[in-house]
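Chains L and W supply the protein sequences, listed in that same order.
The numbering of the first sequence is the numbering used here, which starts it at 112 and goes up by one.
The numbering of the second sequence is the numbering used here, which starts it at 1148 and goes up by one.
Rather than coming from a laboratory, the hints here were simulated on the basis of the structure.
A hint or two may mislead.
[Stated by the list, open to error] Partial chain W-side listing against chain L, Cβ under 10 angstroms, derived:
1. H1157
2. N1159
3. I1207
4. K1666
5. P1689
6. I1700
Where a beta carbon is used, it is the ideal one built from N, C-alpha and C, also for glycine.
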Amino acid sequence: MSDQKIMALFKNGQRDKAFRQLYRLYPRIEKLVLSKGGSKNDAQDVFQEALIIVSKNLEKSDFKLTSSFYTYIYAVSRFIWKDTQKQYTKQELHSLQPEEVDTFHSILKEKKYQCAEKAFLELGERCQELLQLFYQRALSFKVIAQMMQFKSEKIAKNQKYKCLQKAKDIFKTNYKTVQS
Amino acid sequence: MEKYIQDIEHINEYINNTLSKEERQVFEKQLENDAEFNSLYEEHLTFLGGVERIELKQEIQTARKGYLRTKWIKYLVIGIGIIGLSIAIYSVVSKEDPVQTSTPTTTQRQHTIQKGKDAVSSIEIKSNDSITHIKVAETKDRIIIDQENQDTVLYTNEAQIKNPLHTYPKKTPEVYMINTQRDTVIIGKEGTKLTIKANSFKHTGTDEIATGIVTVALSEFYQLSDILLANLSTKSNEQLLETGGMLYVEARSGEALLALDKDITIEIPTEDKKDDMQLFTGQETTQGINWVLDNASEVVEVDELLEEIVNVPFAVIEEVPSFPECQNLSKEDQMECVRNVFQRIVNRSFNADAIQRSTSDNNLRIFTSFTIDTNGDITKINSRPAFPGIQEEVERVLGLVPRLSPGKQRGIAVNTLYSLPIFVKFEGSTTNRGRDVANRDTVATRRNINTRNQDTINFRTSTIQLPIITNDTVFYGGRTVIEDIKEILHTNDVKIDTAFVDRYENYKKKRLIQERRIKGERYVFIRKAVLDDPNSGFTILPTDSITRGGNVIRKRWDETQIPDRQFARLVPRQPGASNYLFTASRLGWINCDRFVRSNTTTKYKVKIKDSDGTDVKIVFKRIRSILPSQFTTDGFDFGYVPKGEEVTLVAIKIVDNQYQLAIKDINTDRIEDLDLEFKAYTVKALQEKLKKLNDQF
Chain L
112 MSDQKIMALF KNGQRDKAFR QLYRLYPRIE KLVLSKGGSK NDAQDVFQEA
162 LIIVSKNLEK SDFKLTSSFY TYIYAVSRFI WKDTQKQYTK QELHSLQPEE
212 VDTFHSILKE KKYQCAEKAF LELGERCQEL LQLFYQRALS FKVIAQMMQF
262 KSEKIAKNQK YKCLQKAKDI FKTNYKTVQS
Chain W
1148 MEKYIQDIEH INEYINNTLS KEERQVFEKQ LENDAEFNSL YEEHLTFLGG
1198 VERIELKQEI QTARKGYLRT KWIKYLVIGI GIIGLSIAIY SVVSKEDPVQ
1248 TSTPTTTQRQ HTIQKGKDAV SSIEIKSNDS ITHIKVAETK DRIIIDQENQ
1298 DTVLYTNEAQ IKNPLHTYPK KTPEVYMINT QRDTVIIGKE GTKLTIKANS
1348 FKHTGTDEIA TGIVTVALSE FYQLSDILLA NLSTKSNEQL LETGGMLYVE
1398 ARSGEALLAL DKDITIEIPT EDKKDDMQLF TGQETTQGIN WVLDNASEVV
1448 EVDELLEEIV NVPFAVIEEV PSFPECQNLS KEDQMECVRN VFQRIVNRSF
1498 NADAIQRSTS DNNLRIFTSF TIDTNGDITK INSRPAFPGI QEEVERVLGL
1548 VPRLSPGKQR GIAVNTLYSL PIFVKFEGST TNRGRDVANR DTVATRRNIN
1598 TRNQDTINFR TSTIQLPIIT NDTVFYGGRT VIEDIKEILH TNDVKIDTAF
1648 VDRYENYKKK RLIQERRIKG ERYVFIRKAV LDDPNSGFTI LPTDSITRGG
1698 NVIRKRWDET QIPDRQFARL VPRQPGASNY LFTASRLGWI NCDRFVRSNT
1748 TTKYKVKIKD SDGTDVKIVF KRIRSILPSQ FTTDGFDFGY VPKGEEVTLV
1798 AIKIVDNQYQ LAIKDINTDR IEDLDLEFKA YTVKALQEKL KKLNDQF
């Protein structure tokens, strides 16, 4: 499948299909990671991260794919691997190309999101479910209250904010320890 | 809290784009001016990013599963495709590759042999006058073609018409089409194995190496009936031979007879291997074939020992492990001497009291085996004990054996495997006796042995009471953990001892060394701890990929880079499993024989009434020998023959175009005057009748 078709899949909201197409590139990324001394698991993590970054960037209106998906994902994966290995030299950072700077920023941003994700996963199951229903499936509190058997819409709403607050608190403490 | 809820709601509205234009402007302005609100906004965005990741990850995981599924389906489809394709290619190739052949018999026929690469097939081929079954088996470097031809060809030679057997149909040779470019192994119907190296044949006269397809015709004369009907005997000039097998081999390129440029090896199967076999070549004379010793060829023992065989059985070792008293003897005597020493020590020292017998069976066999190591010490004693006390006693007794000189193979000390059956005979009645009684008996009998003053020995140990099983040493290639380690080490030039293997197994158990399969390739993952240990034997190689933690991911060498190891194994000799191996420098009539040495010979003649034009031979019963006779006015003269031999006289003549046969058992002590009863047989029936004699030969 051509890159344009994959693009179209992303645009049409058929992200799952697009991911499946992109997964064909996995063996080559795996080779890259293995050649740099990573394990198969490392390769999977790197590839997953790369796909997340690519899909997020594609959703940005100002993003333009200047090369093939493969080249792009390869470049992103290389960065991610280097990042996890903390192998940048100062020189490398100074001589980055503009697109590379973008990629680099995306990775840094994504790292922050990773922390948020971790914080979210530290929440209780009920909190996770509630937040996912609200933010991912964009359901109204009325429906959520019914689904999760809250006594009223208002309780659901209050509960949601409490969960949110908690997640953010966990994130703040985690993020600080990561950064320091 | 209320404010927080309001703010978040506001932010959500902004993100979801549900605010009006003015509201958006207000919001953005607030972001600029209100630092607290701004950080809340950023924080919320981060949180949303995190939540989004969860969703994305789920999608990616489903994509991955789908991908893996399709990958396997793809492999499956490709696999099926390849199989299908190879079948298709095979059938196409086999149709397109006909090889024209002709059999070197007097009648000309055109056969088409169908060959496929790396395939074994059985093809039925119709020729003009008969149906021939041809099995074609082609592997990398050997072709085995077995042709069974039911045709019979009448052999006519005017000069030899006198002998009735010259008109008998010649045994149809097995005909093999071989490619001279390759090494070829031909295995005949009766077990003859010809190993022909590439480019072994040359044209007679021009000495040019024959190329392309060469037809090799092989006739085997192992059965008495075949030998008799081919008018063969075992006589070298005037001396009697004992045969290990006769054959006739010829090679032709087209019609032209070829000669050998390189020696070929010939293996002749035998059930009863005899020493001193030599190679004879046949010369056709008016009286049949005379065998002449071929000095250029030599019958060699099948004794191809290869490197790295650590354990060699006593029976086949080149230099026998020996006691000081057995030195300076011939090899056979040394073996016998060593066996006697073991027997003596066991006889003298084995204490049957130590065995806690729980059976009333008076005969006890202890099959002890042990290794005489490279120092000459006895180790790895295994007595397969049936009762308690046996192993301890065997170990005690063998501990009394003085140190031997180690066995050697090609001058290098090796471990020798020795088996020592101990036969213990308890005396007395078999009816439910207590252990104490049994002990008392054996004590008494032991005294008998030690004092050696009585004729009856009631209890003794022995190595010779058991029938000796003749064993053949079989060498086979195999792979063990040693090859496994060598594949990982990327070298064949390393000595891997038990300690190394133990260490390796231990690393694997602790998962310090792990197998990995990456895209079907075999890798090993070696942890840093192993590499850091200077005694581990594992070091980092230049080709390794090294992970962040200093661990190594290494592609294994494949099996072809580390050759199989050769092991020697003793197997009981199967009838026909043994063979004589020799190299032949000439084709034609070949006979693997030895001279029959007899001190008492006698001139032997037989008179037969009404015997004009009869072929008379005698077949020896004790040895595999056949003697022809010469018709004289004074009867049939066999020349000098060993005295007192039981022989079978076989007389064949032709009367009214029919074969007549007479068989009679006689002894070479008496010169006979026989009145034979001839019976008429057809060609086929004659053969059947003679086949009945095959068993005695």
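Tested hints:
| no. | hint | verdict |
| --- | --- | --- |
| 1 | H1157 | violated (13 angstroms) |
| 2 | N1159 | holds (9 angstroms) |
| 3 | I1207 | holds (5 angstroms) |
| 4 | K1666 | holds (7 angstroms) |
| 5 | P1689 | violated (15 angstroms) |
| 6 | I1700 | holds (7 angstroms) |
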